[in-house]
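There are 2 protein chains.
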Amino acid sequence: MTALIGIDWGSSNLRAFRIGQDGAILEIRRAADGVFTASGSFDERLRAVIGDWPPAPVLLCGMVGSDRGWHPAPYVKTPAGIANLAGGLIAVPFERQAFIVPGVAADSDVMRGEETLVAGLPPLSATLCLPGTHSKWIVVADGRIAAFRTYMTGELRAALLAQGALATGIGQIASPVAFAQGLDAASQGVTHALFQARARRLLGRLAAEHTASFVSGVLIGAERAAESDHPGPHILVARGTLAGDYAAAFDFTQIIDPEPLAARGLLAIARAAGLVA
Amino acid sequence: MTALIGIDWGSSNLRAFRIGQDGAILEIRRAADGVFTASGSFDERLRAVIGDWPPAPVLLCGMVGSDRGWHPAPYVKTPAGIANLAGGLIAVPFERQAFIVPGVAADSDVMRGEETLVAGLPPLSATLCLPGTHSKWIVVADGRIAAFRTYMTGELRAALLAQGALATGIGQIASPVAFAQGLDAASQGVTHALFQARARRLLGRLAAEHTASFVSGVLIGAERAAESDHPGPHILVARGTLAGDYAAAFDFTQIIDPEPLAARGLLAIARAAGLVA
Chain A
1 MTALIGIDWG
11 SSNLRAFRIG
21 QDGAILEIRR
31 AADGVFTASG
41 SFDERLRAVI
51 GDWPPAPVLL
61 CGMVGSDRGW
71 HPAPYVKTPA
81 GIANLAGGLI
91 AVPFERQAFI
101 VPGVAADSDV
111 MRGEETLVAG
121 LPPLSATLCL
131 PGTHSKWIVV
141 ADGRIAAFRT
151 YMTGELRAAL
161 LAQGALATGI
171 GQIASPVAFA
181 QGLDAASQGV
191 THALFQARAR
201 RLLGRLAAEH
211 TASFVSGVLI
221 GAERAAESDH
231 PGPHILVARG
241 TLAGDYAAAF
251 DFTQIIDPEP
261 LAARGLLAIA
271 RAAGLVA
Chain B
1001 MTALIGIDWG
1011 SSNLRAFRIG
1021 QDGAILEIRR
1031 AADGVFTASG
1041 SFDERLRAVI
1051 GDWPPAPVLL
1061 CGMVGSDRGW
1071 HPAPYVKTPA
1081 GIANLAGGLI
1091 AVPFERQAFI
1101 VPGVAADSDV
1111 MRGEETLVAG
1121 LPPLSATLCL
1131 PGTHSKWIVV
1141 ADGRIAAFRT
1151 YMTGELRAAL
1161 LAQGALATGI
1171 GQIASPVAFA
1181 QGLDAASQGV
1191 THALFQARAR
1201 RLLGRLAAEH
1211 TASFVSGVLI
1221 GAERAAESDH
1231 PGPHILVARG
1241 TLAGDYAAAF
1251 DFTQIIDPEP
1261 LAARGLLAIA
1271 RAAGLVA
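Taken in sequence, the protein lines are chains A and B. Numbering-wise, the first sequence is residues 1 to 277 according to the working numbering. Numbering-wise, the second sequence is residues 1001 to 1277 according to the working numbering.
Hints were generated in silico from the structure; no laboratory data involved. Don't take each hint at face value.
Unchecked claim - Cβ-to-Cβ under 10 Å is the rule here; a few derived chain B residues that face chain A: (1) 1137; (2) 1170; (3) 1198.
Even glycine gets a Cβ: it sits at the ideal position worked out from N, Cα and C.
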């Protein structure tokens, strides 16, 4: 029995969860249909993914609620918990009941999507690291988002390695040594340390195929320098090589897979809003 | 009477100076023929610019001596003065006597071109700021390059504003207020402060057309944070809007135009090498 259809619709891909009454994920569908990377009307695109699923309300989170998404959903202010998110849902016209989860705003920062992952955790007090294109460090107090900071880590990494002085034009091989050198160099200032990815190569001190590892080290080192003062426990919400890189740079108490968190968070918000019994 | 033909051949353009016995610049020719932006053999490209000038030796500096230039010129190590540069000239085959000035290397940093600007100054002890695609901060002691650091300021600014989360797609208007906000935000960590250029826009705290000013402030603020401890006097070697931005962020004792410095530096190095009487 399907209680909720949860949609995590980010800038570069979409994940659809068919969720049961007991919170079990009955089915996951993944599509490369990102908010910013595909075109067509949002209702048609959503129908193509979940049109054949049984009747159930739909709750969406992520960039689908941005000003370039389906419908702009406002930001709720920190401190923000599940009740605040549930109170800020925005309805979108669709053949099923459908709502978008609001983002969360701090003084000079915003998130959209990560708030739902936090809602998928049991209520806790911790510092969460959610690495990615725009890495988030989120201080959670009693299950509510108290404060957070975003770092352009993934976007800078991709932009710098694609072209310009740091582009090598050759395949990259992960190097823990080069990564550690980058982490260390970050203390000299990020924009200076990044240039060293070129200078060290020219001086024979960094192999061209280790450039990406060095750059990752510098950018993650910049996060480490700014986030070292937060209260523990420190929890990493990541998977794959990204999880490995961050685990090498920080002492995390725990590493959590983000994918099921999105489904759990959507269900928790849907319940708080009375969408699901 | 032409004593030397000096060529400052950088990644995106070329400047040719016809220099007299007394050091006077008799003629300047500027070409958009950058080492990385044009193609064809280097001797033909140089001939097209200075082929009709009277007989005189040629001294070149800049990226023309890089591994992607005419001929790789090695780096001399810091501390490096005019005598070290003159001792490291590399001959290139051309119908005139022609040499390339070596670059300078520190432990994890390199320069190519800026050493010649330093050679164009009277022997001094100072900290020089040479902003640009790769901004250099150079500590000069008794006319020799003692230490330096490069910042990817200009390259990052261009890459971030061209595409991704900070691209606005609209024309930019210089804003001293947004620039000052960026300078201030840099203290929270560069990669976090850069994301604020997007977050503040979404929150209505930064006009889209002031994004470039905010980003400039953040990136120049990163240089300020790392370079505040150097011995004075602090001298800015820059012109135009770049000079204005840096002068707004730092207290400089003096601002010097880089163009004639290149000609003076090439002549000083040529004299030390015995190329010119």
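Here is how each hint holds up against the structure:
1. Taking 10 Å as the C-beta cut-off, the interface hint given for residue 1137/B holds, the closest approach to chain A being about 9 Å.
2. Because the beta carbon of residue 1170/B sits about 14 Å from the nearest beta carbon in chain A, more than 10 Å, this interface hint is broken.
3. Residue-level restraint check for residue 1198/B holds (minimum Cβ-Cβ distance to chain A is 8 Å; threshold 10 Å).
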